[in-house]
Amino acid sequence: MTNSSQARKAGAHAVMIVLSALAIFPVYWMVQTSFRPSNEVFSTLLFPTAPTLDNYRAVMDAMPILRILGNTFVMAAATTLAQVLTGLLAAWALVRWRFPGGRIAHSLIALSWLVPFQVVMIPNYVLATRLGLLDTLAGLVIPNAAAAFAVLVLYNAMRGFPREVVEAARMDGAGSFRTLVEVVVPNLRAPLASISILCFISAWNEYFWPLLLIRKMDNAVVQIGLQFFMTQEGNDWGLLMAAATLASLPILALYLVLQRQVVESFMKSGIR
Amino acid sequence: MIRRHFLTLALGASILAGAGAGTATAQMADSVTEPVTISFYNYNLASAGLGREATLELIAAFEKANPMIKIEPVGVPSNEVLSRVQADMIAGLEVDVAQLVFRDLIYAAEQLGAQPLEDVVGDELSAHAAGFVPNGLALGEVNDKTYGLAYVFSTPVMFINRDLFREAGLDPDQPPRTWDDVKQAGIAIAEKTGKHGFFPGAYGPIDGTFVYQSIVMSNGGKVREGNTLTFADENQADAVAMLRDLMDSGAHARIDVASHMDTFQSGNLGMFLFTSAVLSRFEEAAEGNFELGLAPMPSFGEKPTAPTNSGSAVFMFSQDPVKQRAAWELMKFLTSNEAYTTITSKIGYLPLRPATLTDDRYLKGWLAENPKFQANIEQLDRLTPNVAFPGPNYRQVENMMKEAMTEAVFGDGDPREVLRTAQETAQPLMPSN
Amino acid sequence: MTETAISARPATAPAMPRLRLRAAEPWLYLAPALAVVAVWTYVPLLQAFELSFYQWNMLPRSQPQFVGLGNYVNLLTLPDMQRAVVNTILYTAGLLPLSVGIPLVVALMTAGLSGPLRNLYRALIFVPMIVAPIVAAIVWRWLLNEDHGLVNHWIEAMGFEAVGFLRDPQFALWTLVWITGWKLIGFSTLLFAAADAGINPSYVEAARMDGATNWQIVRDIRLPLLSPTILLLTMMTILFGAQWSFVYINALTGGGPLGSTTNVYFVMWEYGFKTMAAGWSTAAGMLVFAVFGLIALACLGIMKRMAFYDE
Chain U
30 MTNSSQARKA GAHAVMIVLS ALAIFPVYWM VQTSFRPSNE VFSTLLFPTA
80 PTLDNYRAVM DAMPILRILG NTFVMAAATT LAQVLTGLLA AWALVRWRFP
130 GGRIAHSLIA LSWLVPFQVV MIPNYVLATR LGLLDTLAGL VIPNAAAAFA
180 VLVLYNAMRG FPREVVEAAR MDGAGSFRTL VEVVVPNLRA PLASISILCF
230 ISAWNEYFWP LLLIRKMDNA VVQIGLQFFM TQEGNDWGLL MAAATLASLP
280 ILALYLVLQR QVVESFMKSG IR
Chain Y
14 MIRRHFLTLA LGASILAGAG AGTATAQMAD SVTEPVTISF YNYNLASAGL
64 GREATLELIA AFEKANPMIK IEPVGVPSNE VLSRVQADMI AGLEVDVAQL
114 VFRDLIYAAE QLGAQPLEDV VGDELSAHAA GFVPNGLALG EVNDKTYGLA
164 YVFSTPVMFI NRDLFREAGL DPDQPPRTWD DVKQAGIAIA EKTGKHGFFP
214 GAYGPIDGTF VYQSIVMSNG GKVREGNTLT FADENQADAV AMLRDLMDSG
264 AHARIDVASH MDTFQSGNLG MFLFTSAVLS RFEEAAEGNF ELGLAPMPSF
314 GEKPTAPTNS GSAVFMFSQD PVKQRAAWEL MKFLTSNEAY TTITSKIGYL
364 PLRPATLTDD RYLKGWLAEN PKFQANIEQL DRLTPNVAFP GPNYRQVENM
414 MKEAMTEAVF GDGDPREVLR TAQETAQPLM PSN
Chain V
4 MTETAISARP ATAPAMPRLR LRAAEPWLYL APALAVVAVW TYVPLLQAFE
54 LSFYQWNMLP RSQPQFVGLG NYVNLLTLPD MQRAVVNTIL YTAGLLPLSV
104 GIPLVVALMT AGLSGPLRNL YRALIFVPMI VAPIVAAIVW RWLLNEDHGL
154 VNHWIEAMGF EAVGFLRDPQ FALWTLVWIT GWKLIGFSTL LFAAADAGIN
204 PSYVEAARMD GATNWQIVRD IRLPLLSPTI LLLTMMTILF GAQWSFVYIN
254 ALTGGGPLGS TTNVYFVMWE YGFKTMAAGW STAAGMLVFA VFGLIALACL
304 GIMKRMAFYD E
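Residue numbers (the working numbering), protein chains in the order written: chain U, 30 to 301; chain Y, 14 to 446; chain V, 4 to 314.
Quick caveat, the hints were computed from the structure, so don't treat them as lab data. Check the hints yourself; a few may be wrong.
Okay, derived cross-link-like pairs now, EDC-like style, lysine to aspartate or glutamate, Cα gap no bigger than 16 Å in a straight line [stated by the list, open to error]: (1) Lys316(Y) x Asp333(Y); (2) Lys205(Y) x Asp184(Y); (3) Lys158(Y) x Asp132(Y); (4) Lys208(Y) x Asp213(V); (5) Lys208(Y) x Glu180(Y); (6) Lys359(Y) x Glu66(Y); (7) Lys245(U) x Glu85(Y); (8) Lys208(Y) x Asp199(V); (9) Lys77(Y) x Asp246(Y).
Derived CB-CB ranges, DEER-like [said to hold, decoys possible]: (10) Arg222(V) x Met200(U): 42 to 50 Å; (11) Asp247(U) x Asn156(Y): 24 to 32 Å; (12) Asp90(U) x Trp379(Y): 50 to 58 Å; (13) Glu391(Y) x Val60(U): 38 to 46 Å.
All C-beta atoms in this analysis are idealised placements derived from N, C-alpha and C, irrespective of residue type, glycine included.
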């Protein structure tokens, strides 16, 4: 190996180390603060001198955190599933056929991404209430059952799919649905995986809508739990950080377990 | 008209249907004889901590004393409770009692349909209000009718970091009385300790305008007269100019307006003017770090101060006679001697009933153990009702005023000029006479 | 992608007897997505359009009052509006280096890395993407506080003066840009790395054979082939940058200090949505939708013309 290529490699490592540290440090800070007693919260030491689980105990006392995590998981998984399914079907329609109205449908779906959430918030709240969705997990999922983002990404992924294969399936007499399920989907694993991950993250982190719709702690999701520790009487940082850690932990853990696959799916699909 | 038709069809149809039911107001029932459930929108319940615990305690005690009445609590953060009440009304849900902040007083009375208590409960109101602080009922009055019953409220008090006072060579037992004193002390703290001198909780997103209004009214001004904005008039602008002078002299801290509480709790601020509701949190944070003190709000020379109310009142929205009775019973309970014993000692708000402070059954013992709180109680006599804004654009107007005031203090421009410009811009958004 | 894409095919299959069913078929596939979007987005949007000409608080007891363009005029003449527009542009401009520039450079620089360390880096830089925006806001506010924040603690330890990241009007906007960008850098880097790894190595080989320098290869081969990703991320930043930063403005500065961090989105929120006045808020929503819709169309047009595909 030459000197210059070695230097370049060292430079690359240095850049990545800096970037990784920047990415991870705030998360570390959140976690370590959650172990501090409340009169030590403002210390600038890098680690707690007298770590305590008090904050976690207080969080667990204040709300049924396990149940809330379970709710959030169900809600995020259901939302993801719905978005991926509606996305797959819609994208397939737009790719497979060229038909009158197709372009308009495509644009309508794409433009829906740009509608500010706040505009539709109150009408949706009224509608959800009338449909009996107030204070239910279904009410969190149904309005988000389709995502422009999923449709668009899958549309692009399918467009890149070799035509010959689809033709061959058609020759074999496969209908459009069978072609989608048996030929297209198995070849879309990477984009499907990356979309699922992004949908899951965004559903998990959804904030404003649950805040409006959910009333009882038994139906709450974790983002509401965070809100619960931000008060008019000043934030209780230790508690807030413990709650934030609990809210992020499952998704971080899931990511750590799956990170190889996650990163790989992004590397393969390269969302376009 | 097609236009109208679409509108009614789209949003109105079932809304109108839902509202028609209770418009003919019947007489409030004499008592509750059948089990009834009423909703109670409350912001203390929306976040963990003492406020929530105390509120849950109050609700439980009420239900025990009134076995026929069940409370369905709805916890919503304070800055969203009004929009939630409104959204729920639009969605056709029943709102019976709601805790709303004072800035929304006029809107609640004129737009949301809060019940005028004189009309609904009649003489029971004055009977219940005997024993309130002198201005007690006035806090919830609009056009001579009481819509809101003052509930958890407080006034601005000066939190003192006694350690910083000592470090700056000041006597923490002689806290500043006037704004001139604040200036001297602030400069001393800033220069001798390198920490911040003084800061009022008046500019940040969650601060409201009660600290600002208290300062203005202490200088003999008012932010509006009727439908005319007056926050740029002489006395009002002078008060803001005084803050600007503190800023220019270095006595007033220049910090992130949204994290003033953190700055004080971390021991970096000498004097902090804010609601006493944060007292217990501050005590917790100060423990082992610095010694906490409390003083009344400063005055302009010899002029008496005019501390105004932060916090909230409870409003009745029920239409049904039985629910009105249930709601009224709840409102009475929430403003009773027993309730204020809990509210004051557990959360740190002021008691609407001062007699509790000298009564052994209520707060006397607690007050003896918490002498600090005296600074807050001294201000009760001079309690001056907070000024809410009228009309459909009241929030926008209040917002413009607050931003102008902030800019007058923090910016470079002439403070009086900044206020004048904002007042002219905001006036057209006020209702016309 | 050397094969022809499916959609490049002219009209689909030859005419069949079950013509009617065939015509309905794509709509069956589209139905679920369209239904959701129609019910939960477009119907309310149409109502919003209608309401934006009225003054009404949506309460049953009050009557909507027709005010024509009054709501729009009120919004557009707000004293903060001009600054908000300028700031929106600053936010977008400030975000571009973080969401496109730096990630692109990093991806190109680190393309040669391999092995477990590379995987570790990639795993770590994705983490901010997972953190809830509200959590990110809270943690950063704290780290950047002038008096007790760790960053200023370090800055002072190095002998510099503390910086009022969120307090000083000169810095506050850029601080929010940084926090917004913090969540994006790693993710964008991954996308660029993915696109870069997808470049057919034979092009690079061939160029190398011809004696091209590294820089020439980047300039003439890798950058053009990365252009679709560059354009995509640029467009996303332009369209959603203001929206992404909104969470942080709302949670951290409330538009201050001295209006220095407000943007179009926040002004709309402050004077529109937050006040529950249907007229103001729907007018605000329509304005945002119209403006960003137009920008989106313009971007798509540019993208179609400029992107260089490897076909």
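**Lys205(Y) paired with Asp184(Y) [C-alpha distance capped at 16 Å]** = holds (14 Å)
**Prompt:** Would you say the C-beta atoms of Asp90(U) and Trp379(Y) sit inside 50 to 58 Å of each other?
**Reply:** violated (25 Å)
**Request:** Would you check the hint for Lys77(Y) and Asp246(Y), treating anything up to 16 Å between C-alpha atoms as holding?
**Result:** Not satisfied, since the Cα-Cα distance of roughly 52 Å exceeds 16 Å.
**Message:** With the threshold set at 16 Å, check whether the alpha-carbon distance from Lys316(Y) to Asp333(Y) stays at or below it.
**Reply:** violated (48 Å)
**Request:** May I ask you to test the hint 42 to 50 Å on the CB atoms belonging to Arg222(V) and Met200(U)?
**Result:** holds (45 Å)
**Asked** Should the hint that Glu391(Y) and Val60(U) are 38 to 46 Å apart at their CB atoms be regarded as holding?
**Response** Holds: the Cβ-Cβ distance is about 45 Å, inside 38 to 46 Å.
**Message:** Against the 16 Å threshold, does the CA-CA distance of Lys359(Y) and Glu66(Y) hold or violate the hint?
**Reply:** Given pair Lys359(Y), Glu66(Y) holds - Cα atoms ~9 Å apart, limit 16 Å.
**Prompt:** Should the hint that Asp247(U) and Asn156(Y) are 24 to 32 Å apart at their CB atoms be regarded as holding?
**Reply:** For Asn156(Y) against Asp247(U), whose Cβ atoms are near 43 Å apart, the range 24 to 32 Å is violated.
**Given hint Asp213(V) paired with Lys208(Y) - CA-CA distance at most 16 Å** = violated (66 Å)
**Message:** Holds or violated: Lys245(U) and Glu85(Y), Cα atoms, limit 16 Å.
**Reply:** Answer holds: Lys245(U) to Glu85(Y) is near 10 Å, not above 16 Å.
**Message:** So if I understand the rule, the pair passes when the alpha-carbon distance is 16 Å or less; does Lys158(Y) with Asp132(Y) pass?
**Reply:** The given pair, whose Cα atoms are some 9 Å apart, holds under the 16 Å limit.
**Asked** Is Lys208(Y) within 16 Å of Glu180(Y), Cα to Cα?
**Response** holds (10 Å)
Checked against the numbered hints listed earlier, the structure breaks hints 1, 4, 8, 9, 11, 12; every other hint is satisfied.
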